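K.L.:
Residues per chain, in single letters:
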Amino acid sequence: MLKFIVRRVFWTIPVLLVVIFLTFIMMRQIGGNPFRQSERAVPEAVQRNLEAKFHVNDPWYQQYAYYVKGVFTFDLGPSLVVRGRDVNDIVKTHFPKSIELGVYAFLFALVLGVPLGMIAALRHNTWVDYSAMFVSNVFHAVPSFLVATLLIYFVALKAGWVPTSGWTSWEHKILPSIALGFGPMALFARLVRGTMLETLQQDYVRTARAKGLRYRRVVGLHVLRNSLIPVVTAAGPLLGFIITGSFVIELIFNIPGIGQNYVDSISNRDYSVVMGLTVLLSVIVILANLVVDILYGILDPRTRDARS
Amino acid sequence: MRSKTFWLLLAMVVASLALVAAGCGGDDEGDDAAGTGTGATTDEGGTEAAEQVITVNWGTEPPSLDPGLASDTTSANILLNIMDPLVKLDDDLNSVPYAAESVETSEDGKTVTYTLRDGLKWTNGDPVTAEDFEYSWKRTVSPELGADYAYQFYGIVGAQEYNGCDPKKDKCAALADKMAVNAVDDKTLEVKLTTPQPWFVQQSAHHSFLAVHKPTVDKFGDKWTEAENIVTNGAFTLERWEHSSAIDIVKDPDWRDADTVKLTRVNGRMIEDGTTAVQAFEADEVDALLTLPPDETARLKETAEYAQYGALGTYYYGVNVDNIPDVKQRRAMALAIPRQSIIDNIAQADQIPATGFTPEGMPGYEAINPDSPWLPPEGDLEQAKELMGEVASPKENITLYINDSPGHREIAVGVQAAWKELGIDSTIKQQEFQQYLEFLGPPPNKDVDSYRLGWIGDFVDAINFLELWTCESGNNSTNYCNKDYDALIEKARQTEDNDARYEIYGQAEEILFGEDGDMPVLPIYYYTYQGLERESIKDSFELNLLDQVDLTKVVVTE
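For the record, the sequence lines run as chains A and B.
Per our numbering, the first sequence starts with residue 5, numbered consecutively.
Per our numbering, the second sequence starts with residue 4, numbered consecutively.
Honestly, the hints are just simulated from the structure, not real lab data.
Model, not experiment: these values are computed from the prediction.
Ideal placement from N, C-alpha and C gives every residue a C-beta, glycine not left out.
All clues stand as given, with none of them false.
Listed next, the stretches of chain A that the computed footprint assigns to chain B, with coverage defined by at least 3 CB atoms under 8 Å from CB atoms of chain B:
1. 38-44
2. 51-57
3. 148-158
4. 163-169
5. 252-258
6. 261-273
In silico EDC-like pairs for lysine to aspartate or glutamate, Cα to Cα no more than 16 Å straight-line:
7. LYS172/B x GLU55/A
8. LYS57/A x ASP225/B
9. LYS96/A x GLU245/B
10. LYS171/B x ASP62/A
Isolated chain A, as found in the complex:
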């Protein structure tokens, strides 16, 4: 297992290099001028000075080396557009909030979705099953921003139970987490239900019951653990979804996470911020997938020997 982890961590480096390269190429391809943010043209002298200051006109391999060095020394450089702010500052101030939102959404999805799927499987083909699946399907289909807007309108504006936007007190954090978590919740419910149904048919379950074990123990210990495997598998890419889905939620709820910064920096052609945030997100996704793979190995002994 250790060898497995080390190898995976080692492979992260070439992946990051490729990510940096691709991001760099793509940002340059779309053109634009990071120093012009309005319809007013930038005077030539000013443009020249800024380009020199931020290395924008150096040869491409020099700029690439500059970014690579920045990433591996954890100094992601200054923002081209928001003068006086470093990418490191931006990450430190805003990233934790996005993570927080993502974690709450994930927990919401897990805590509501898994039991929902279980109940649906255990009460298979009853109205409980049908309504649980109907709700799941609806929430999987409805986009998160629509859920967000409806929640704000009914819960915050009309009923006045929570504030409409922001991210300061715990009341602020409820609606965004729900809005972001609904989709994954539906996914988890369906996955758990599907696997449980399958597992419940297995021979070993029948054996366990024949042995006289209480149904609750059979389900809780054996069936559930095996049903969680697809949840764990889905969790990896789901994390990517939660991170990118969070950009829209952050915009709607005015949450100062990196989502807004990321989107704005692309429109503004803030090269250093785009590069820094893309690399950061890549690292997160790679790490998440690594954790998932490790968990998978723990949960399912069959795969353990196939590795290392």
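Fit chain B to the known structure of chain A by using the hints.
P.N.:
For chain B alone, kept in the frame of chain A given last:
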């Protein structure tokens, strides 16, 4: 059918109906945007509330609170309230001395002397001196800072040379000394201009002319504007700045005129999404919005909190005169556009149909505005068709470029329909903003036949608008170059007397839009600003033509 299937279908139908009802159900509630807020309806001169605290949604994180680097209205708004400008603009947009006690211009118009008041102080106790202003203005022009607005100082002797210096190649410090801004003594700032510029004093009300505190800048470098570091000298101080989240300013009790300031605190939010901002307002979390989302304008106009202000800006379509060389076609295209109808039905913010390029509200508007025969507010399709018929070889397939912000496409479609009546088939091409700007150059990409842009004034003189159409202007994407026009603009720069200068501006507008006008651009309307303001502050919370609010004048009434 089987009972299970029946119930399932029924459940689905009920749920779908519920969703549809939720989507449509909001309309009746729309009129009731007034919350209880800090007070009920008042008439002018209502009594002051006990709590003078308001929350404003600035709409975005200010990119920089460094006067040298700030180039957007949010930063400008906050800066002008936490710093003390030399001069301020009054309600009629005349400059009045503010931190300066008096401003004098010499006989030949080339020397401007500012005399500071006594007792000006920074928040750390240091006195504000003329040296602070000299340092700050030179800093903004310095090539190392790379300030966007350095060009505003180009009228000062030596400024353009200093700004154009390449720090890698030459010694720029010497050029800094040659820039003619001098602190003659602690209270006197002397500025020498390259030519008489009658608007210079008024231009110095702009936030890029504010002073910064040198020791603070030296000590903290890029981070000097953070709330814990910043040193200011205005009516309010920056108490808290949580990036992308909140920015709070509080009244400075030690400011020179603190008695006249009623507000004790202004909390700032940065809600970018228009709908969320409106919802925050309706939930009583915010007391003022400075912009509105276009799709809610129609509903919000009916509320008591709706506020609208004139803006110093013009929305226009530029025409590539190399691609559409026949002036008759350009005039016909201008005639055909039904401006008032577009404003009433599409833009819906009570904008003013443009009859020239310089917007209404600009001093001298009466003399400047050409009341162009080619820009009738209702459009004149008949005459346009006639004129189009006289065009020898009309360009019948043209491209119309727009950028991707909300609202532009709808207007473009309206204009496209109007031009269709003339036999012109226009293809609308929409681009992302940065790519769009690159496309327009100048020089514009060959494929651009017409394009949409807006121009917002920096300061309150028409030269700001009219100099766009000179041959060398970096904002002229029409390929229009008329030596006579350029000569007229030069002459205006030299003309000190306001009325005489407005006459010249009027002549310049005639060249563009008069009976024999060249029509390189087709102005559509003059902008307006729209917002929502709680009734308790509605009377005193005002946006001027430059989208600025003077928080020292705002009072919360009962």
